[in-house]
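Going down the list, the protein sequences come from chains C and L.
This note's numbering puts the first sequence at residues 2 to 290.
This note's numbering puts the second sequence at residues 547 to 795.
In case anyone wonders, no lab produced these hints; they're calculated from the structure.
If you're wondering where the values come from, they're calculated on a predicted model, not measured in any experiment.
Ideal Cβ placement from N, Cα and C applies to all residues, glycine included.
There may be inaccurate statements among the hints.
[What the hints assert, rightly or not] Just the calculated beta-carbon pair ranges, DEER-fashion:
| hint | chain 1 | residue 1 | chain 2 | residue 2 | range |
| --- | --- | --- | --- | --- | --- |
| 1 | L | Ala620 | C | Asn129 | 49 to 59 Å |
| 2 | L | Ser641 | C | Ile84 | 21 to 31 Å |
| 3 | L | Arg728 | C | Trp230 | 30 to 40 Å |
| 4 | L | Ser641 | C | Tyr5 | 56 to 66 Å |
| 5 | L | Ala620 | C | Ile84 | 17 to 27 Å |
| 6 | L | Asp675 | C | Pro282 | 37 to 47 Å |
| 7 | L | Asp675 | C | Ile91 | 45 to 55 Å |
| 8 | L | Asp667 | C | Val279 | 50 to 60 Å |
| 9 | L | Gln671 | C | Thr234 | 40 to 50 Å |
| 10 | C | Leu276 | L | Asn760 | 55 to 65 Å |
| 11 | C | Ser137 | L | His753 | 53 to 63 Å |
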Amino acid sequence: MDFYLTALLQGLCYSAIALGIYISMKIFNIPDITTDGSYTLGGAVTGIMLTHHQSTWVILPVVIIAGALAGALTGLIHTKLKINALLAGILVMTGLYSVNLIVLGRSNLPVSNLPSLFNNLHLIADPNQNTLIIISIFVVVVTFLIGYLLKTDFGIAMRATGNSESMIRALGVNTDRMKITGLALANALTALSGYLIVQFQGFADISMGIGIVIVGLGSVIIAETLINWFRITKVWLSLILVLTGAVIFQLVLALTLAIGVDPNLLKLVTAAFVLLIVSLPRLSFNKAS
Amino acid sequence: MIVINDVHKVFNRGKANQVNAVNGISLDIKNEEFLVIVGSNGSGKTTLLNLVAGSVIPDKGTISIDDNDVTKLADYKRSQWIARVFQNPMSGTASDLSILDNFRLAAIRTKPKGLSIGIDDKFKQEVKDKIATLGMGLENKIEQSMGTLSGGQRQALTLLMSVMDSCKVLLLDEPTAALDPRSAEVVMRTADKLIADFKLTAILITHNLKDAYNYGTRIIQMGEGLIINDLNQKQKAALKQNDLFNWFG
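Here chain C stands alone, though its shape is the one from the complex (with noise of 0.2 Å):
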């Protein structure tokens, strides 16, 4: 049982990531793998700060610019010199690779005996489920304020923006402003899921954004197929999916490690089951034709 309330506690923490991957691709229409940088990048600011003796309150805020510096600059690559997309956050990826590495001064940071978010706050005496509180109340604000904000009317335009870019332009709202911003967002939510992850793992490694990107898209997917089935067309309801799509991703990959797969293989089963979830509703929709 131990072993899918950890993947719950790991679908939860890499939530945030699910919710930058949808400003990003669902909300924004960009491809943006800035994602794996990012997200390294917010596990070794926790884990350097943790080192340090920064109480996690402090480290919070210094973690969300930092990812939101990384995306804003993927943003600024792809508006302001017309680069595409994707390569424009494949260079910063890069990039961070050795600024991550600089940041923890080497490959592997343990911080588990440092006192962290989830050992700090003692809201119930069983550890774990004192873990699944704490993450779930983040989850829930991190969710509240993402909603809140796609509901206002810079949230619209947002919305807008990748929908019809003619027409927001028209309707006088910087275009290029307005992605930096939403990449800048999407990926302050990215490295929010490295600063979780470091201190509910208790370490921090340079190697750990390797293909994260799939574990976001993943979630998103699941969502979004979930979204066309239930036809929701509340902004509460979708993002409360992807939240939902990312904690059955993990439970999908612990459910394979519980049947005895290989280890060694289970990227290679991430993306059997990403493609998988990608193709059913075409599949389906073929038979349907």
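Fit chain L to the given chain C structure using the hints.
Showing chain L alone in chain C's frame:
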């Protein structure tokens, strides 16, 4: 209202596919004038409209709107005066957003888009009342996404959206080109009514010579990036539909 002074625009200069889209056009569009532009494909009509809107910046010459020099001003900043209806109904509205969201953005076209929730019951009622004037029965579907509507409905709503916020200039780039004749007529009539009611200065590009004949207070014909015919209200009134056809003969 809009003064265009010796404006030039060349695309792909120096390359094999160089296009001299606009070759030194000067045009003074008076307040509340409804200018119709006709001309064959490639005559520079859309480029001229894009120059006014700011989607295209001229190589040479100046453009001013309401006595403000806007020659180098970005399109999203010109939105304080200008509202647009595009040829493609998809371009003027956001299909994944609800009708209500689209109207909310239109209602704050000239204002900053802030971090407060602007859609309340009062706003919903206002949008419903506005949409009801179209008589298309869309007032009860404001939560529906724009993408579920037909091209004609979307163009009519785009027109209505343009007067949700203060508007001085309305640019219509072949707004009915993608529509069936009946929807096209509804859209043109709505446009004509809004232009009169809100005392707008308007520019209409059209290939439909019947519309060009029926609507507007001034007509110009463009060819090869130049104005080759320019008739004021009196001259336009004296014009016969056949004369217009002969322009293209």
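Subject >> Violations among the numbered hints, reported as their numbers in ascending order >> reply: Those not satisfied are hints 4, 8, 9.
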